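Those protein sequence lines, which keep their order, are chains H and E. Quick note: the first sequence, position 117, residue 117 per the working numbering, numbers continuous. Quick note: the second sequence, position 64, residue 64 per the working numbering, numbers continuous.
There's no promise every hint is true.
It does not matter which identical chain is used: a pair holds within one copy or between any two.
BS3-like, lysine-lysine: derived pairs with alpha carbons at most 30 Å apart [to be verified]:
1) K244 - K138
2) K138 - K17
3) K244 - K17
4) K16 - K31
Treat the hints as calculated values from the structure; they're not laboratory data. For clarity, every value in this text was computed on a predicted model and none was experimentally measured.
Residues per chain, in single letters:
2 protein chains.
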Amino acid sequence: MITRAELQLLRSLRDKKHREELGLFAVEGEKIVSELLAAGHPFERIYGTGAWTGRRTHEIGESEMARASHFPTPSPVLAVGKIRRDALAPGELDRGLTLALDAVQDPGNVGTMIRIADWFGLDRVLLSPGCADLHSQKVIQSSMGSFARVRVVSAALEEALAGVRAPVIGCALEGRDVHAVGPLADAVIVVGSEGRGLSEGVRGLVTSFVTIPRRGAAESLNAAAAAAIVCDNLRRDAPGRGLKP
Amino acid sequence: MITRAELQLLRSLRDKKHREELGLFAVEGEKIVSELLAAGHPFERIYGTGAWTGRRTHEIGESEMARASHFPTPSPVLAVGKIRRDALAPGELDRGLTLALDAVQDPGNVGTMIRIADWFGLDRVLLSPGCADLHSQKVIQSSMGSFARVRVVSAALEEALAGVRAPVIGCALEGRDVHAVGPLADAVIVVGSEGRGLSEGVRGLVTSFVTIPRRGAAESLNAAAAAAIVCDNLRRDAPGRGLKP
Chain H
1 MITRAELQLL RSLRDKKHRE ELGLFAVEGE KIVSELLAAG HPFERIYGTG
51 AWTGRRTHEI GESEMARASH FPTPSPVLAV GKIRRDALAP GELDRGLTLA
101 LDAVQDPGNV GTMIRIADWF GLDRVLLSPG CADLHSQKVI QSSMGSFARV
151 RVVSAALEEA LAGVRAPVIG CALEGRDVHA VGPLADAVIV VGSEGRGLSE
201 GVRGLVTSFV TIPRRGAAES LNAAAAAAIV CDNLRRDAPG RGLKP
Chain E
1 MITRAELQLL RSLRDKKHRE ELGLFAVEGE KIVSELLAAG HPFERIYGTG
51 AWTGRRTHEI GESEMARASH FPTPSPVLAV GKIRRDALAP GELDRGLTLA
101 LDAVQDPGNV GTMIRIADWF GLDRVLLSPG CADLHSQKVI QSSMGSFARV
151 RVVSAALEEA LAGVRAPVIG CALEGRDVHA VGPLADAVIV VGSEGRGLSE
201 GVRGLVTSFV TIPRRGAAES LNAAAAAAIV CDNLRRDAPG RGLKP
């Protein structure tokens, strides 16, 4: 059972404006909800239809789920979480590795880069206000559960990067060979938007532009692919898992 | 002006089955059509509304475009191309670098990997029958014009890889450190599906499994991100562009 007001609330969470007002977000789908639960994400409430036998589930009917769901074909589970608004600690960006996204608008790219940060064990991801909303279904889903593990902070990059003493590495089409840069223990890697690259204000705070040598004819590389390559180069010295002789 | 039969044909091209029967595909959107034209793609016909002043355009009305378009909000241009069915030449995979995709179902990933192959100047991309259809709007669009530049061949990988003398490098969660593998002038890089990795038959043809050292907690890396990192490592010795001292 679910009240009419609850149903209306769940439906409203597909809009960023309502998510911000209510401080809540919703995520749907068996795979992603299972991954987030496995990563220990503290959901407020989990709604499931009979088909979904997750733990802590508040059972609702399929027709109720169909009305609550954002999907044309509803999944058997919908989880509601609290939006946490983390802020940067003073000097935080000087320690460890940060991936900072400057107006990356594609939610799939934002989610994939949170997953990349998780794979490479980066310390945090920064999202500028122009990025796709962290709490949208698509961002969370493409993070594949890394949403629950990676510290993600929203911040105006020009303010956050001002005064940072660690190297600020900007990914650009022209710069130093990324192969010659790494490895680094402390750095901020800044990736720009798909269409326009890094914004003017952020460019002014970059201490070193790096580029992935281009051997062919493509005009650019997908932002997430570029971020992955830069992370691989900056983490070359760190101990890795999954290796066989 | 556009005939009723032409309109029906254009609409039918959103289905793979009809594309294969007719040997034609359609792609919409100013950005992608412009990129493909800039890359010299030989379209059969380009339909445009008054707002689109591309060359070679067959002008149609906005209401006609709305009926022909696959988009909820039609773009001012729709281009129709011939499907080319390239086959592998004998021994072709022994020469140069090949990126082979084994049942990569996400069209965005397939398009992004064609773009990655273009960036790194690989010689060709192989798509197994289980991959997203090369001639779908989403694959072409996420290739960002690389669709027109990269040689893409559809082939059953187990047949295509049998007898290949060049190293067949399989991307896996456990294998040799990718940093220790490259650079290679001739190789086939095989990337598996998002959910299941490489298929059994293809695994049997891999001569060397490589892995990208994992430093954090993510279970896997996005297929396109992994392909990008492997390409970067295999092409380390090739002359690159965009570098500044």
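Each hint, compared with the structure:
no., hint, result
1, K244 - K138, "neither (34 Å within a copy, 37 Å between copies)"
2, K138 - K17, "both (16 Å within a copy, 29 Å between copies)"
3, K244 - K17, "neither (48 Å within a copy, 43 Å between copies)"
4, K16 - K31, "both (23 Å within a copy, 28 Å between copies)"
Checked against the numbered hints above, the structure breaks hints 1, 3 and satisfies the rest.
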